[in-house]
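**Student:** Here is how the chains run, residue by residue.
2 protein chains.
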Amino acid sequence: MSVKSSHEAPLAAAYRGRVALVTGGFGFMGSNLVPRLAQLGAEVRVMARSWPPQAEFDEGVHPAVRFFKGDIRDEAVLQDAVEGCDYIFHLAGKSGASTSNESPIEDLDVNCRGLLLLLDAMRLGATEAVIVFPSSRLVYAPKLPVPVPETAPTTPLSIYGAHKLVAENYLRIFGLQHGLKSVVMRITNPYGPYQRPEQRSYGVINQFIHEAMRGRSITVFGRGEQLRDYIHVDDVVEALLAVAMSPAAAGATYNLGSGTGTSLADLAALIVDVAGSGRVEHVPWPQSEASVETGDFCADIARIEAAVGWAPRVKLRDGIQDVITRVHRAPQRG
Amino acid sequence: MSVKSSHEAPLAAAYRGRVALVTGGFGFMGSNLVPRLAQLGAEVRVMARSWPPQAEFDEGVHPAVRFFKGDIRDEAVLQDAVEGCDYIFHLAGKSGASTSNESPIEDLDVNCRGLLLLLDAMRLGATEAVIVFPSSRLVYAPKLPVPVPETAPTTPLSIYGAHKLVAENYLRIFGLQHGLKSVVMRITNPYGPYQRPEQRSYGVINQFIHEAMRGRSITVFGRGEQLRDYIHVDDVVEALLAVAMSPAAAGATYNLGSGTGTSLADLAALIVDVAGSGRVEHVPWPQSEASVETGDFCADIARIEAAVGWAPRVKLRDGIQDVITRVHRAPQRG
Chain A
1 MSVKSSHEAP
11 LAAAYRGRVA
21 LVTGGFGFMG
31 SNLVPRLAQL
41 GAEVRVMARS
51 WPPQAEFDEG
61 VHPAVRFFKG
71 DIRDEAVLQD
81 AVEGCDYIFH
91 LAGKSGASTS
101 NESPIEDLDV
111 NCRGLLLLLD
121 AMRLGATEAV
131 IVFPSSRLVY
141 APKLPVPVPE
151 TAPTTPLSIY
161 GAHKLVAENY
171 LRIFGLQHGL
181 KSVVMRITNP
191 YGPYQRPEQR
201 SYGVINQFIH
211 EAMRGRSITV
221 FGRGEQLRDY
231 IHVDDVVEAL
241 LAVAMSPAAA
251 GATYNLGSGT
261 GTSLADLAAL
271 IVDVAGSGRV
281 EHVPWPQSEA
291 SVETGDFCAD
301 IARIEAAVGW
311 APRVKLRDGI
321 QDVITRVHRA
331 PQRG
Chain B
1 MSVKSSHEAP
11 LAAAYRGRVA
21 LVTGGFGFMG
31 SNLVPRLAQL
41 GAEVRVMARS
51 WPPQAEFDEG
61 VHPAVRFFKG
71 DIRDEAVLQD
81 AVEGCDYIFH
91 LAGKSGASTS
101 NESPIEDLDV
111 NCRGLLLLLD
121 AMRLGATEAV
131 IVFPSSRLVY
141 APKLPVPVPE
151 TAPTTPLSIY
161 GAHKLVAENY
171 LRIFGLQHGL
181 KSVVMRITNP
191 YGPYQRPEQR
201 SYGVINQFIH
211 EAMRGRSITV
221 FGRGEQLRDY
231 IHVDDVVEAL
241 LAVAMSPAAA
251 GATYNLGSGT
261 GTSLADLAAL
271 IVDVAGSGRV
281 EHVPWPQSEA
291 SVETGDFCAD
301 IARIEAAVGW
311 APRVKLRDGI
321 QDVITRVHRA
331 PQRG
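In the order they appear, the protein sequences are chains A and B.
Counting from 1, position 252 in the first sequence corresponds to residue 252 in the working numbering; the numbering is continuous, with no gaps.
Counting from 1, position 312 in the second sequence corresponds to residue 312 in the working numbering; the numbering is continuous, with no gaps.
A portion of the hints provided could be inaccurate.
If you want the ones that stay clear, here's a sample from chain B, every Cβ over 10 angstroms from chain A, calculated [unchecked claim]: (1) S50; (2) A76; (3) P104; (4) P156; (5) G161; (6) A162; (7) R172; (8) I173; (9) R214; (10) R223; (11) E281; (12) A307; (13) A311; (14) K315.
Across the chosen pairs, the derived CB separations fall in these ranges [to be verified]: (15) D80/A x A302/B: 50 to 60 angstroms; (16) R66/A x G125/B: 27 to 37 angstroms; (17) A141/B x A250/A: 17 to 27 angstroms; (18) E83/A x H178/B: 37 to 47 angstroms.
Simulated from the structure, these hints should not be mistaken for lab results.
These numbers come from a predicted model, not from an experiment.
Beta carbons: idealized from backbone N, C-alpha and C, even for Gly.
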């Protein structure tokens, strides 16, 4: 979507010629962040395990990007990638609450040990860099009154949430011990281009659109009354850029959401409406999903709005239309 | 010390003939817990990386104990040790805030991955067992008003504290997901027999006694005004036994301390007084210690007192005298 910050000049001033590393730069959020960084004139580095098909990236981005091929746990590649960076957006990692409960040790190794290795590399080669970390709404206790502020209790239901929380603690402790600058973003439910439709736990909007565009049923667990806070990835990207460049944000923890709660049933109906195809089907909750269901969620986003002047801009209907347009434009693999 | 619960009969009823595993059973707390379990008639298992010199264990204990030799991360040994257990006291692990900040990945592997492996072994072979986990006062935010209740904010200053906190989350999540029963004990500053004097971060009382008994200076950082909550290991052992057998305690988190704050300077003076030798010397704070200094701490122990009727019994002066008596009795290696 063509949503740009009104602070385009300060953004360009902050990023032009500066070195920005995006770990997991070919994932959902990274694929949206990297072109924007390139557009702002940053020297962009991407660290990822494999290179994406050329077609998945906007033309004109590749030449501006320097690739570091490796797993986040590959210390030698990591040290190279981090060396001399001004900004580090640590988007590499495993996601998904259900998956993490099935494979907690794999989640631990990638998400916790991987971050510790990154922080150690920063301590050695990029002591002045700011690291922006995508935490999650899943750090919060379930079933809190909405909207949920950053001060709410943090007793996660999933290993994923528990590991996001320990990651937040790592960043705070490395700040105290070694002066590393970090910003924690507790992201709600992001959606948008480059999100794989098979990632249900993470990308329910894209999955629903995927089904609707094929004229299939959208499956909603139970009555679908649970509220979620859906935020378009363009809004996420602008928020990441805003906090990384803001001295006021160093050391802070922010909710990053739209600040609006939408029920799953309403979301499904909206998608069928915008798509003009598909239908909504309600089925009983599967056990694996019910056990990690967190109840209603909507983020209180007053803190980030006050601190850096960021606010969400993409309306849900427009965001859904945007994804549908792109689904039409580029054939999906699913 | 000869401190026994007044509930000796219920304890014997709960433990006689029951299978109790103590991981890290030759460490400080384990060496105190194991003989008590044996005395209560439990079938005691100890899992540890190496066997202690016979002399370190009270006579008559070894024959009642079954040994499982292995690191906590050795899955095959772990599965054997856990199989069919009624109680699991997970005392294996690395301790020390400063050490954890120097070697966070080693701390992660032993304390987090080790616990995940144990929980997985329980899920497979001991679904009805109760696991008692020694968390730490170091999970709390620094410089809280004392006494600190279990509901206080948890933003640890050390990797050690952060990993204790994620361990607490693991136990809660495995309870929700798999029905595993656990009790979390946030232990303050335990002291007593079998604690090695070289472990300053963990065993300041034993270290101070060690110096005083040799007529040396006890080193106190700064003015030594910071309060700590020292609890004798006999009181710790009785609390572990009490919560493991209590259905009311399953899923709970308790502070485990004396409930009394003592300044480090007062502690040092008391030790010199009881020992009749040594002196107190104040030196500036070393950076590595200052950065993990948590300010005054004293635990609010109302929750565990109300839930299981446990209360601390050993007075600090008596506990110090007890350690001194044992230091005299058995020659130290240091």
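**Student:** Could you say whether the range 50 to 60 angstroms given as a hint is met by the Cβ separation of D80/A and A302/B?
**Tutor:** holds, 54 angstroms
**Student:** According to the definition I'm using, a residue is off the interface if its beta carbon is farther than 10 angstroms from all beta carbons of the partner; does I173/B meet that for chain A?
**Tutor:** Its Cβ does come within 10 angstroms of chain A, the nearest being 6 angstroms, so this is violated.
**Student:** Since P156/B was said not to touch the interface, does its Cβ keep a gap of more than 10 angstroms from each Cβ of chain A?
**Tutor:** violated, 6 angstroms
**Student:** That 27 to 37 angstroms hint for R66/A and G125/B (C-beta), does it hold up?
**Tutor:** violated, 50 angstroms
**Student:** Measuring Cβ to Cβ, find out whether P104/B lies farther than 10 angstroms from everything in chain A.
**Tutor:** Its Cβ does come within 10 angstroms of chain A, the nearest being 5 angstroms, so this is violated.
**Student:** Please check whether the beta-carbon of G161/B is more than 10 angstroms away from every beta-carbon in chain A.
**Tutor:** Check fails; 8 angstroms does not lie beyond 10 angstroms.
**Student:** Confirm or reject the claim that A141/B and A250/A have a C-beta distance inside 17 to 27 angstroms.
**Tutor:** Between A141/B and A250/A, where Cβ atoms are some 19 angstroms apart, the hint holds.
**Student:** Beyond 10 angstroms from every chain A Cβ: check whether that's true for A76/B.
**Tutor:** About 16 angstroms separates A76/B from the closest Cβ of chain A, which puts it past 10 angstroms; holds.
**Student:** Any Cβ of chain A at or closer than 10 angstroms to K315/B, or is the non-interface label fine?
**Tutor:** Holds, because the least Cβ-Cβ distance between K315/B and chain A comes to about 36 angstroms, which exceeds 10 angstroms.
**Student:** Verify the CB-CB distance for E83/A and H178/B against the hinted window 37 to 47 angstroms.
**Tutor:** holds, 43 angstroms
**Student:** A cut-off of 10 angstroms on Cβ-Cβ distance, and R214/B was said to be off the interface with chain A. Does that hold?
**Tutor:** holds, 33 angstroms
**Student:** Please settle this one: S50/B was flagged as non-interface, so is its CB more than 10 angstroms from every CB on chain A?
**Tutor:** holds, 25 angstroms
In this structure, the earlier hints numbered 3, 4, 5, 6, 7, 8, 16 are contradicted, and the remaining ones agree with it.
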